[in-house]
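Given the sequences, and given the hints that come with them, work out the whole structure.
Residue-level listing of the chains:
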Amino acid sequence: MSHPAVTIRGLHKSFGAVEVLRGIDLDIPRAQVTCLIGPSGSGKSTLLRCMAFLEETSSGSILIDDAPLGFRTHADGSRTRLPAADIRAARRKIGMVFQQFNLWPHMTALGNVSEALKTVQKLGRREAEDRAMVQLKKVGLAERADHFPSQLSGGQQQRVAIARALALEPEIMLFDEPTSSLDPELTGEVLNVMRALADDGMTMVVVSHEIGFSASVGQKIAFLDQGQLLLTGTPTEVFGKPRHPRLDQFLETYLDRGAAMLL
Amino acid sequence: MRFDPALIIHHLPSILSGLSVTILTWLIGTIGAVLVGFVIASSRRFGPRPLGMALGAIVEVIRGTPFLIQLFLLYFGGPYIGLFLDPLPAGLLGLTVYGSAYFSEIFRGGFEAVPVGHIEAAECVGLNRFQIVKRILLPEMSMLVLPSAVNMAILLIKETAVLSIITVPELTMIVSAIGSEYYAFVESLFLLALFYWALVELCGFLGRKAEEKLSHFRLSAS
Chain X
-19 MSHPAVTIRG
-9 LHKSFGAVEV
1 LRGIDLDIPR
11 AQVTCLIGPS
21 GSGKSTLLRC
31 MAFLEETSSG
41 SILIDDAPLG
51 FRTHADGSRT
61 RLPAADIRAA
71 RRKIGMVFQQ
81 FNLWPHMTAL
91 GNVSEALKTV
101 QKLGRREAED
111 RAMVQLKKVG
121 LAERADHFPS
131 QLSGGQQQRV
141 AIARALALEP
151 EIMLFDEPTS
161 SLDPELTGEV
171 LNVMRALADD
181 GMTMVVVSHE
191 IGFSASVGQK
201 IAFLDQGQLL
211 LTGTPTEVFG
221 KPRHPRLDQF
231 LETYLDRGAA
241 MLL
Chain S
21 MRFDPALIIH
31 HLPSILSGLS
41 VTILTWLIGT
51 IGAVLVGFVI
61 ASSRRFGPRP
71 LGMALGAIVE
81 VIRGTPFLIQ
91 LFLLYFGGPY
101 IGLFLDPLPA
111 GLLGLTVYGS
121 AYFSEIFRGG
131 FEAVPVGHIE
141 AAECVGLNRF
151 QIVKRILLPE
161 MSMLVLPSAV
171 NMAILLIKET
181 AVLSIITVPE
191 LTMIVSAIGS
201 EYYAFVESLF
211 LLALFYWALV
221 ELCGFLGRKA
231 EEKLSHFRLS
241 AS
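For the protein sequence lines, the chains are X and S, in the order given. Going by my numbering, the first sequence opens with residue -19, and the numbers climb by one from there. Going by my numbering, the second sequence opens with residue 21, and the numbers climb by one from there.
If you are wondering where the hints come from, they were derived from the structure by calculation, not from laboratory data. Hints may contain errors.
[What the hints assert, rightly or not] Dumping the calculated EDC-like pairs for lysine to aspartate or glutamate here, alpha-carbon to alpha-carbon at most 20 Å:
#, chain 1, residue 1, chain 2, residue 2
1, X, K73, S, E143
2, X, K98, S, E143
3, X, K117, X, D180
The structure is reproduced here in structure tokens:
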């Protein structure tokens, strides 16, 4: 197997006295879709946010393409925080999609997608917008380029958010419950865009309650429970019978979310 | 006593000069208050903690005392600490200080109302701190605070009337002087009310125009 895109070792994360992640070891394989599933409060979103450095880990390490994210770990186990520029450089390989879309309301769809191309990559306006249009076409929203987020449906907003992340040509795309704030009839369009990305060979990490999507598109499933990685493997290995009793219990609560096919 | 419009027409030049002083002090005072208020709010959010606490305490004192008293203290008390100001500069300074306390609170609320996720999204695409403030935080905040900022500007129009007590030759001072001289209190007070109301309506109108222009930015439920 080729070198992993992300290597996570001994990861701990606490919020005050609450330990949310308790020693996670996980490899994210390149050009595959890894799905993080688990009950709410299991730490799956926190783990994903750690990979985007939106949360600082309490201990352990995350390597993106072998480069440490946020902290350099020394031989004696101590850590030094890397300079802000290094953190931005490591993050550049990562695209993040949020549950709440988080589009900037004062910019059009095109503005949202081209913003970082202009301010971070210092491209001229014309070139930045041309490249942003390519991404908007990819998510099927070229004709909505001049719409503000408030003029778009939730599904369209999330597709713009995906285009915004893709515009910087990340190597790894992280999705934090991308369909959880959408009406059921709008989830399909977002999942389709994600499926197309997976078919293109994008390395993806998806936190989702869409168990059906995880089972059909995911190539690696990681099941978290109470801050620990309970199971990892291919969908067949994880969802196949005999199943881990904790996973069975979890799936039963998801019968109405496409998990019925697995039971 | 009867209402005499001729009195108004006769004194029109000095009334207009008072009106222009009112508008000028309001404009300068409001702009000053917005700028200082913004600096206070930014320092409280981004600056060191002791500075934020000190500024917070000052804001509390300014908001907790009447503008009239502050102005008296500045104009009549200033000389005790070596601060000799003419009426107009004293009035402008007073208005700026008074307004800045309120504007700083409006901006503080605005900073806090920008969803954290919008900042995180900007961090994720690589914007640095300065770019985030300039491109995301400020534009989003300004549209969030617009209604309350316009409201505050309206309040400041009316507060300019207080400057008459330290003899700034603005509208209230000029018109009430005319009123006293001719025993035409009703006319003068009526005229004053009318002028201030017109100014407030104008300010409100401009504010609504600005809001309309920004309405397509309006934050969605997220």
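Results for each hint:
Between K73/X and E143/S, the direct Cα distance comes to roughly 13 Å. Compliance with the 20 Å bound is thereby established for this hinted pair. The hinted pair formed by K98/X and E143/S meets the criterion: a straight-line CA distance of about 15 Å does not exceed 20 Å. With a C-alpha separation of about 15 Å, the suggested pair K117/X and D180/X falls inside the 20 Å cut-off, and the hint holds.
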